[in-house]
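Asker: Each chain is listed here by its residues.
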Amino acid sequence: MHMVATADESSSESQRDEEVELMGRVAGGDGAACRILVDRHLRSIMSFAYRMLGDITEAEDVAQETFLRLWKTASRWEPKAKLTTWLYRVARNLCVDRLRGRRELLVHQLPERADPGVGASAELERNERDHAIARALGELGERQRTAISLVYYQGMSNREAADVMEIQVDALESLLARGRRNLRKQLEQAEPVSKGSAETETRR
Amino acid sequence: MRSESSNGKKVDLDRFAAIVDAYGADPAAWPIDERDSALALLEVSEQAVRLRDEAAALDGLLGDLPEVEPSVALRTRILEAAPQPARTWSERWARIAEVVWPFGPSWQPVSALAAAAVLGITVGLVVPDVSPVDNDPTVVAEVALDTGEYWSEAP
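As given, the protein sequences belong to chains U and G, one line each in that order.
Residue numbers 388 to 591, in this note's numbering, belong to the letters of the first sequence in order.
Residue numbers 152 to 306, in this note's numbering, belong to the letters of the second sequence in order.
Any given hint could turn out to be false.
Unchecked claim - Facing chain U, from chain G, some residues (calculated, C-beta under 8 Å):
id, residue
1, 174
2, 175
3, 180
4, 182
5, 212
6, 219
7, 220
8, 223
9, 226
10, 230
11, 234
12, 237
Said to hold, decoys possible - No more than 20 Å apart at the CA atoms, straight line, and that leaves these computed lysine to any residue pairs for SDA-like:
id, chain 1, residue 1, chain 2, residue 2
13, U, 572, G, 214
14, U, 572, U, 522
15, U, 572, G, 204
16, G, 161, U, 572
Hints are computed from structural coordinates only; laboratory data are not their basis.
All of these numbers come straight from a predicted model, not from anything done at the bench.
A virtual CB, placed ideally from N, CA and C, is assigned to each residue, including glycine.
Modelling step: build the complete structure from the supplied sequences, incorporating the hints.
Answerer: The structure is reproduced here in structure tokens:
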């Protein structure tokens, strides 16, 4: 067990070393290093911002601003936190700023699905379901939505998500449980969530 | 994303219910230090299986939401704003020349200026110098006065 932990610590250390090296290259204007970071993180940051805001244009603005801040920070980067944690913290703060002042979150846009094999009525039904889920997510409180987005959609471990939110793992777990309960309630009003169905086990 | 080490905490049915309540039915999302014990409980407890399946129904709905893809334009904007490499002196001069003369290659105005300088120097060397004495107003006055008319002695 101790050996596993040591291997894990060593892997985490080498990841930080690589991040420091990449950020040093970014600060020196190395385009290849910038492309590596964008390819690695843009999609997930954009996806997180979209889950938080429910608006693709706003999510793009948040993703862009997050990376601009990363470029500005590159020359004085210190590996206090993992790069991923830093990026999600910045993106989350930007999302919170945008959510302030909104009385409710309405999901106007959903990405197009490219699935020609589905008939018109099935397509309509699926669109309705997508909107119901997006609306239910939008009606969660910001902290519950953040917790669910990070753990469920971004695939973060409980410790990583708690780090991003700067809370204890117990508090994260409580947010997740309450968030899922609220989602279930919202979705049951739109469409009953079948109990005991194992068919839908596949995630993401 | 999930890649932490396990150190094996014991999970009873209450804790199992709390885990699936928070993290859903996918063992990959469960806390790493409780995963093995939770999976072992799943093997022997029908109640645990029922709790897992209830959570799976909600997971299925949540997982159905389509993904978003960042546009090429967004990626381009981000990369264009990235730090640029430090310029060498020759690159800096080229940049200044570009600002001063944005109409074409900088050798054109530089050649024109050089040609004008050469022409100026050549003209300066070739044209004979005019003596400053010829134009001296004092001398002219002396000449005008030295007619002897006013200075001749009376007969």
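Asker: Run every hint past the structure and note whether it holds.
Answerer: Results of checking the hints against the structure:
Given hint, residue 174 of chain G at the interface with chain U, holds; its Cβ is 7 Å from that chain's nearest Cβ, closer than 8 Å. Annotation: interface hint on residue 175 of chain G holds; nearest CB of chain U at approximately 7 Å, less than 8 Å. The interface hint given for residue 180 of chain G holds, since its Cβ lies 6 Å from the closest Cβ of chain U, which is under the 8 Å cut-off. Taking 8 Å as the C-beta cut-off, the interface hint given for residue 182 of chain G holds, the closest approach to chain U being about 5 Å.
Annotation: residue 212 of chain G was flagged as interfacial toward chain U, and the flag holds, the nearest CB pair being 6 Å apart, inside 8 Å. The criterion of a C-beta within 8 Å of any C-beta in chain U is met by residue 219 of chain G, whose closest approach is roughly 5 Å, and the hint holds. The criterion of a C-beta within 8 Å of any C-beta in chain U is met by residue 220 of chain G, whose closest approach is roughly 7 Å, and the hint holds. At its closest, the beta carbon of residue 223 of chain G sits 11 Å from a beta carbon of chain U; the interface hint therefore is violated under the 8 Å criterion.
For residue 226 of chain G, the suggested interface contact is upheld, since its CB lies about 6 Å from the closest CB of chain U, less than 8 Å. For residue 230 of chain G, the interface hint holds, the least distance from its beta-carbon to any beta-carbon of chain U being 6 Å, beneath 8 Å. Using the Cβ-Cβ criterion of 8 Å, the hint placing residue 234 of chain G at the interface with chain U is satisfied: the shortest such distance is roughly 5 Å. For residue 237 of chain G, the interface hint holds, the least distance from its beta-carbon to any beta-carbon of chain U being 7 Å, beneath 8 Å.
For a cut-off of 20 Å, the pair hint linking residue 572 of chain U to residue 214 of chain G stands: about 17 Å separates their Cα positions. With a C-alpha separation of about 12 Å, the suggested pair residue 572 of chain U and residue 522 of chain U falls inside the 20 Å cut-off, and the hint holds. Pair hint residue 572 of chain U plus residue 204 of chain G holds up; C-alpha atoms about 17 Å apart against a cutoff of 20 Å. For the proposed pair residue 161 of chain G and residue 572 of chain U, the alpha carbon gap of about 31 Å is over 20 Å, so the pair is violated.
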